[in-house]
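With the sequences and hints as input, model every part of the structure.
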Amino acid sequence: MQDLLKPDFGVSLLTVINFLLLVCLLKRFVWKPLIAALERREEQIEQDKQQARQARESAEQLKAELDDKLAQIEKEAAKQMAQAVQLGAAQRDEILAHAKEQAARLIAQAQAQAAAEKDAAMAQVRDDIVRTAVLAAQQVVARQLDEASARKTVEHVLEEIAK
Amino acid sequence: MNNTTERLAARRYGAAYDRLNRSAQEAAERADALEEASRLLEQVQQQMKDPSVTCAQKKAWVHDLLKDSPDACALITVLLDAKRYNLLPAVAEEVRALADGRCGIIRAQVWSARALPADEQQRVEQVLSQRYGGTAKVQFYTDEKLVGGLKILCQGELIDGTLQGQLQRLAQNLMK
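From first to last, the protein sequence lines are chains A and B.
Heads up: the first sequence at position 44 corresponds to 44 in our numbering, and the numbers run straight through without jumps.
For any residue, its number in our numbering is found by taking its place in the second sequence, counting from 1, and adding 163.
Calculated from the structure, these hints are not laboratory results.
A portion of the hints provided could be inaccurate.
[What the hints assert, rightly or not] Result set (DSBU-like, lysine-lysine): computed pairs, CA atoms no more than 35 Å apart in a straight line:
1) B:K246 to B:K212
2) B:K339 to B:K300
3) B:K212 to B:K300
4) A:K163 to B:K339
5) B:K246 to B:K222
6) B:K339 to A:K118
7) A:K100 to A:K118
8) B:K246 to B:K300
9) A:K152 to B:K221
10) A:K49 to A:K63
11) B:K230 to B:K212
12) B:K308 to A:K163
13) A:K79 to A:K69
14) B:K308 to A:K152
15) A:K163 to B:K221
16) A:K75 to A:K63
17) A:K152 to B:K212
18) A:K49 to A:K27
19) B:K314 to B:K339
20) A:K152 to B:K222
21) A:K49 to A:K69
22) B:K339 to B:K308
23) B:K222 to B:K212
24) B:K300 to A:K163
[To be verified] Footprint (simulated), chain B over chain A, 3 or more residues, beta carbon under 8 Å:
25) 36-45
26) 120-131
27) 147-161
No residue lacks a Cβ here, since even glycine has one placed at the ideal position from N, Cα and C.
Shown next, in the form of structure tokens:
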């Protein structure tokens, strides 16, 4: 047992050689691939990060473009809305003016027609009165015209013709 | 007479017939003869205007009815040949007008409300003769509606001297 606890140069040397051999083997077959894998992974991560940045930049650019387009659309919509309102107001004014003009014309026509009908009615009444008066005068003259007067009227006509 | 063409045609036939006359007397006689012929043919008017009757038959009737008026018979035969028999009254009127012109006769129609006595009729003829320069031959008619005065139609001129006319003119003036 005591022998086991005593340092043995050979064992120690062998242990060191084993250790160094182990280190060499690890370096040869484990460390390098591990490092290469870690480097590849790091590159991959870096690439992914780069792509993510690019994607983010693209997205931000797209968002900016969309925001710009949206602003333009809103501006255009507002402009068209204003134009529509303006056009509607103009059309409303035009329709109102046309309606007023038509109403004025209809009123003028109605007034003219009423005046014409009134004049025609008055003329008709006047003509009827004149006709009745002339007919009455004719009958009175016919009743009162005696032979002497009749001769006189004939003679008067002949005198007028002879002139 | 319903159109100017027929009137012009009647005028040409009348003028041709009038050229046969050598004096006013002949013109008056031929006009009388043509009027008499026209009056006689009124008896067969329907047959004369019937298109189913031949021209020869119509001519035969004319010759039969107008034995004593050879000139009138000849004129009517010409009218039948030319298919212008319907112009006969107008031609007779034209011939009468031409004869009147040769004889210096003025024809007039006079309407009055009452029948004019002879002295007034003479006065009318005298006044019209003076006015139109010729011998006035007047046909008198009565129309009570005229009330008084005279209406005279002479040489296309209408003179309305009636009381009815005066009242109508007054009414027209009032109605203006």
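Status of the hints after comparison with the structure:
Taking the CA atoms of K246 of chain B and K212 of chain B, the gap is near 10 Å; set against the 35 Å cutoff, the hint holds. Distance hint between K339 of chain B and K300 of chain B is unfulfilled; the C-alpha atoms sit about 39 Å from each other, more than 35 Å. With a C-alpha separation of about 33 Å, the suggested pairing of K212 of chain B with K300 of chain B holds against the 35 Å cut-off. Using a Cα cut-off of 35 Å, the hinted pair K163 of chain A and K339 of chain B holds, with the two alpha carbons roughly 30 Å apart.
Distance check on the hinted pair: K246 of chain B and K222 of chain B sit about 12 Å apart at the alpha-carbon level, within 35 Å; holds. In summary, the hint linking K339 of chain B to K118 of chain A is supported, as the alpha carbons are separated by about 16 Å, within the 35 Å threshold. Pair hint K100 of chain A plus K118 of chain A holds up; C-alpha atoms about 26 Å apart against a cutoff of 35 Å. Only pairs whose Cα atoms come within 35 Å are accepted, and K246 of chain B paired with K300 of chain B is accepted, the gap being roughly 34 Å.
The straight-line distance between the Cα atoms of K152 of chain A and K221 of chain B is roughly 54 Å, outside the 35 Å bound, and the hint therefore fails. With a C-alpha separation of about 20 Å, the suggested pair K49 of chain A and K63 of chain A falls inside the 35 Å cut-off, and the hint holds. About 21 Å separates the Cα atoms of K230 of chain B and K212 of chain B, which keeps this hinted pair within 35 Å; it holds. For the hint linking K308 of chain B to K163 of chain A, the alpha-carbon distance of about 27 Å falls within 35 Å, and the restraint holds.
Only pairs whose Cα atoms come within 35 Å are accepted, and K79 of chain A paired with K69 of chain A is accepted, the gap being roughly 15 Å. Among the hinted pairs, K308 of chain B with K152 of chain A is consistent with the structure: their alpha-carbon atoms are about 18 Å apart, no more than 35 Å. Restraint check: the Cα-Cα separation between K163 of chain A and K221 of chain B comes to about 52 Å, which exceeds 35 Å; the hinted pair is violated. The straight-line distance between the Cα atoms of K75 of chain A and K63 of chain A is roughly 18 Å, inside the 35 Å bound, and the hint therefore holds.
The straight-line distance between the Cα atoms of K152 of chain A and K212 of chain B is roughly 50 Å, outside the 35 Å bound, and the hint therefore fails. Of the supplied pair hints, the one linking K49 of chain A and K27 of chain A holds, its CA atoms being roughly 31 Å apart against a limit of 35 Å. Among the hinted pairs, K314 of chain B with K339 of chain B is consistent with the structure: their alpha-carbon atoms are about 24 Å apart, no more than 35 Å. At roughly 55 Å between alpha-carbon atoms, K152 of chain A and K222 of chain B are farther apart than 35 Å, so this suggested pair is violated.
Our distance criterion of 35 Å between C-alpha atoms is met by K49 of chain A and K69 of chain A, whose separation comes to about 29 Å. About 24 Å separates the Cα atoms of K339 of chain B and K308 of chain B, which keeps this hinted pair within 35 Å; it holds. Under the criterion of a C-alpha separation no larger than 35 Å, the hint pairing K222 of chain B with K212 of chain B is consistent with the structure, at around 12 Å. Proposed proximity of K300 of chain B and K163 of chain A is supported: the alpha carbons are some 20 Å apart, at most 35 Å.
With a cut-off of 8 Å between beta carbons, the stretch 36-45 of chain A has 0 residues touching chain B; three or more are needed, and the interface restraint is violated. A stretch counts as covered by a chain when three or more of its residues have a beta carbon under 8 Å from one of that chain; for the stretch 120-131 of chain A and chain B the count is 5, and the coverage holds. Coverage of the stretch 147-161 of chain A by chain B holds [criterion: at least 3 residues with CB-CB distance below 8 Å; count 11].
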